[in-house]
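Protein chains in written order, with our numbering: chain A, 2 to 194; chain B, 6 to 213; chain C, 6 to 242.
Each hint should be verified, as a subset may be incorrect.
[Claimed, not checked] Calculated pairs, DSS-like style, for lysine-lysine (alpha carbon to alpha carbon, straight line, at most 30 angstroms):
1) C:K146 with C:K80
2) C:K225 with C:K146
3) B:K108 with C:K195
4) B:K108 with C:K181
5) C:K225 with C:K196
6) C:K80 with C:K139
7) C:K102 with C:K195
8) C:K139 with B:K108
9) A:K95 with B:K108
10) C:K196 with C:K139
11) B:K209 with A:K170
12) C:K102 with B:K108
13) B:K77 with A:K96
14) C:K102 with B:K22
15) B:K108 with C:K62
16) B:K133 with A:K170
17) C:K196 with B:K108
18) C:K102 with C:K181
19) C:K151 with C:K59
20) B:K22 with C:K195
21) B:K133 with B:K22
22) C:K225 with C:K195
[Said to hold, decoys possible] Example chain C residues on the side facing chain A (calculated, C-beta under 7 angstroms, incomplete):
23) I47
24) T54
25) F71
26) F125
[What the hints assert, rightly or not] Stretches of chain B that chain C covers, calculated by requiring three or more beta carbons in the stretch to come under 8 angstroms of a beta carbon on chain C:
27) 72-80
28) 87-99
Derived by calculation from the structure, the hints in this document are not laboratory data. The structure displayed is predicted, hence computed values, not measured ones. Cβ coordinates follow ideal geometry from the N, Cα and C atoms, glycine included.
The chain contents come next:
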Amino acid sequence: MNDVSSLQIFINAALINNFVLSMFLGICPFLGVSGRVDTALRMGAAVTFVMLVSSICAFGIHRALVAIDAPYLHLISYIVVIASAVQLVEMFIKKFSPALFRALGIFLPLITTNCAILGLALFQTNRQYSFGQSLSFALGAGAGFTLALLLMSGLRQRLELADVSSVVKGAALTLMLAGILSMAFMGFAGMGG
Amino acid sequence: MAQTGAPAAPNMDVLLKGLWRDNPVFVMLLGMCPVLAVTNSVVNAVAMGAATTFVLFMSSTIVSLVRHWIPKQVRIASFILIIATFVTVVEYLIQAISLDIHKALGAFISLIVVNCVILGRAEAFASKNSVGKSMLDALGIGVGFTIACLCLGLVRELLGNGTIAGLPVFGAEFEPWIIMILPGGAFFVLGAWLLLFNWLRERKEQRT
Amino acid sequence: MNGPTPPITPTTPPPASGADGANSMRMILTMGGIGLLSGILIVLTFQWTFPTIKRNKAIALERAIFEVVPGAQTKAAFKLVGTSLQLLEGEDERAIKYYACYDADRRLVGVALEAQGQGFQDVLRVLYGYSPRKHGVVGLKVLESKETPGLGDKIETDPDFRANFETLDVTLDEEKTRVFHPIEMVKHGKKTEPWQVEAITGATISSRAIANILRESTAKSVPVIEGNLEILQEGTQ
Chain A
2 MNDVSSLQIF INAALINNFV LSMFLGICPF LGVSGRVDTA LRMGAAVTFV MLVSSICAFG
62 IHRALVAIDA PYLHLISYIV VIASAVQLVE MFIKKFSPAL FRALGIFLPL ITTNCAILGL
122 ALFQTNRQYS FGQSLSFALG AGAGFTLALL LMSGLRQRLE LADVSSVVKG AALTLMLAGI
182 LSMAFMGFAG MGG
Chain B
6 MAQTGAPAAP NMDVLLKGLW RDNPVFVMLL GMCPVLAVTN SVVNAVAMGA ATTFVLFMSS
66 TIVSLVRHWI PKQVRIASFI LIIATFVTVV EYLIQAISLD IHKALGAFIS LIVVNCVILG
126 RAEAFASKNS VGKSMLDALG IGVGFTIACL CLGLVRELLG NGTIAGLPVF GAEFEPWIIM
186 ILPGGAFFVL GAWLLLFNWL RERKEQRT
Chain C
6 MNGPTPPITP TTPPPASGAD GANSMRMILT MGGIGLLSGI LIVLTFQWTF PTIKRNKAIA
66 LERAIFEVVP GAQTKAAFKL VGTSLQLLEG EDERAIKYYA CYDADRRLVG VALEAQGQGF
126 QDVLRVLYGY SPRKHGVVGL KVLESKETPG LGDKIETDPD FRANFETLDV TLDEEKTRVF
186 HPIEMVKHGK KTEPWQVEAI TGATISSRAI ANILRESTAK SVPVIEGNLE ILQEGTQ
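The following block holds chain A by itself, in its conformation from the complex:
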């Protein structure tokens, strides 16, 4: 049914339909955490990692649910399985690689309820991606999320030094910046075609 190449999917998810700036998934961490560049980078890495894990889970669940012909259980099993899988992975990392855990650890629980993760699972099901396509979709989405977070944190670091009126400070200004970034990302449209 679907014969889009993996590279196209990657570019599409990372740039053209950037998860944060054009699909509005994962806005909460985007507005909340993106204060410093190194935090943003680690957050992005953690999200990409979780996306990969949940993409694989979602692919398996989808296959299972199609096999038993129960489409109405998609949503509920996605959210339960992804949440448990992330928790398991977190414990696994904690045990076997404390260094990696220190780098990603605090962000992992935060990410579970991030809409980008569930969105990824739902979109890959809707578009009937194969296993390989799902993986490149997850990587692309993660890369896009990291890129948006990085750009935003860079901008905000500069903004801290700028003298803006107290009315504008905070979420309002961040949203305006996000709007400009989103317009810039529109320039990528057409690259897939």
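Position chains B and C against the provided structure of chain A, taking the given hints into account.
Showing chains B and C alone in chain A's frame:
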């Protein structure tokens, strides 16, 4: 706020605070994803608001009903399970009512599950208060959320398409500001609303 | 669903084993109870709404099909098995469906097909009608698009562009194996041949996407349709 009679005031306050003072979107900055994503027209905005209100109302009621039986350790998991159930229900209802709306909202109906407003209300209010109060609170917050969606949807459809709910407002010469229905416009309009509220708040503070 | 849950419990520190055992029992019971009730509620809603949803979808599909094949009154779905078409009985989500359309006298007037490809923003899904009598594409409807509002989405509204699909020539060569002149896109006002799609000014990429989708899909489907005309014609007998 409480213009009604004094005895009803506390309950009315529970209902009304969600509309303005604790508006989930404009004041608490929660549940931004759907607000930004599907508000490119008034119809979509209202459908999203109604769906969210339904899920919020039902899950708050149920959470409040069973709040004494749920062990503390698994409460978040139980809440998510309850919310996901009602989201699935609402998804099928919307599909049965209108396929066009279902197509326009797409995966964002399912994403109501991760709307922090709903889990937030279940955790912060419904799990601690009586059923009646929780229902009022959910209704207030839900309507507040719908109003926020509508605020964005109105501005974006009016400027981006020159229409309100599909009815043309300006003459034929009006050149639509296409950016408003594109993703960028969502950020700008929400940013502008927040600016307006900040400005109003500051002015009020200066007066007092 | 029961796999991942148990390993989580051991990580909580076990201070009093007796009380803890009773507690996890209660947790499992609560979760199980809620899960059971949720399941029942979801299944009930699904059963209740499913007929309506199915009817709505069927109506929407039928309307779209009759829109792209002028003169159609009834339809029948076929799927490709090997090189020949077979009447599709019941549902088959995966199969590429050929919708044969008939007029009031049960004569074959056209075949509707779904096709998709990369657009400007995201995947474009279209439904088009092929008429064996005219050897051409006779109608096109965009089923799903996220093209730029005001520019790319003109592929759905622009009258000049829509006129391309009144008859778009896809005649086969003599061996009936490939389209003689594959569909191609030309700039606005440069259309000279019946197999050319005239682009919309300012929406070249979206126009080209439509032309590409049609070219790729017709290259596969038209030989199949032409090779199975008799089966298609007999579909409703």
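Structure-based check of each hint:
1. C:K146 with C:K80: holds (17 angstroms)
2. C:K225 with C:K146: With Cα atoms ~19 angstroms apart, K225 of chain C and K146 of chain C stay inside 30 angstroms; holds.
3. B:K108 with C:K195: violated (36 angstroms)
4. B:K108 with C:K181: Roughly 39 angstroms between the alpha carbons, so the hint for K108 of chain B and K181 of chain C is violated.
5. C:K225 with C:K196: Cα-Cα ~24 angstroms, so holds.
6. C:K80 with C:K139: Status holds; Cα separation ~19 angstroms.
7. C:K102 with C:K195: Measuring from Cα to Cα gives roughly 34 angstroms; hence the hint is violated.
8. C:K139 with B:K108: violated (34 angstroms)
9. A:K95 with B:K108: violated (42 angstroms)
10. C:K196 with C:K139: Holds - the C-alpha atoms of K139 of chain C and K196 of chain C are around 19 angstroms apart, at most 30 angstroms.
11. B:K209 with A:K170: Answer holds: K209 of chain B to K170 of chain A is near 17 angstroms, not above 30 angstroms.
12. C:K102 with B:K108: holds (21 angstroms)
13. B:K77 with A:K96: Holds. K77 of chain B to K96 of chain A sits at ~26 angstroms (cutoff 30 angstroms).
14. C:K102 with B:K22: violated (54 angstroms)
15. B:K108 with C:K62: Given pair K108 of chain B, K62 of chain C holds - Cα atoms ~11 angstroms apart, limit 30 angstroms.
16. B:K133 with A:K170: violated (34 angstroms)
17. C:K196 with B:K108: violated (35 angstroms)
18. C:K102 with C:K181: Roughly 21 angstroms separates the two Cα atoms, so the pair holds.
19. C:K151 with C:K59: holds (25 angstroms)
20. B:K22 with C:K195: violated (62 angstroms)
21. B:K133 with B:K22: At roughly 17 angstroms apart (the allowed maximum being 30 angstroms), K22 of chain B and K133 of chain B satisfy the hint.
22. C:K225 with C:K195: holds (27 angstroms)
23. I47: Because about 5 angstroms separates I47 of chain C from the closest Cβ in chain A, which is inside the 7 angstroms limit, the hint holds.
24. T54: violated (10 angstroms)
25. F71: violated (24 angstroms)
26. F125: holds (5 angstroms)
27. 72-80: Holds, because 5 residues of the stretch 72-80 of chain B bring their Cβ atoms closer than 8 angstroms to Cβ atoms of chain C.
28. 87-99: holds (count 7)
Consistency note: the structure conflicts with the earlier hints numbered 3, 4, 7, 8, 9, 14, 16, 17, 20, 24 and 25.
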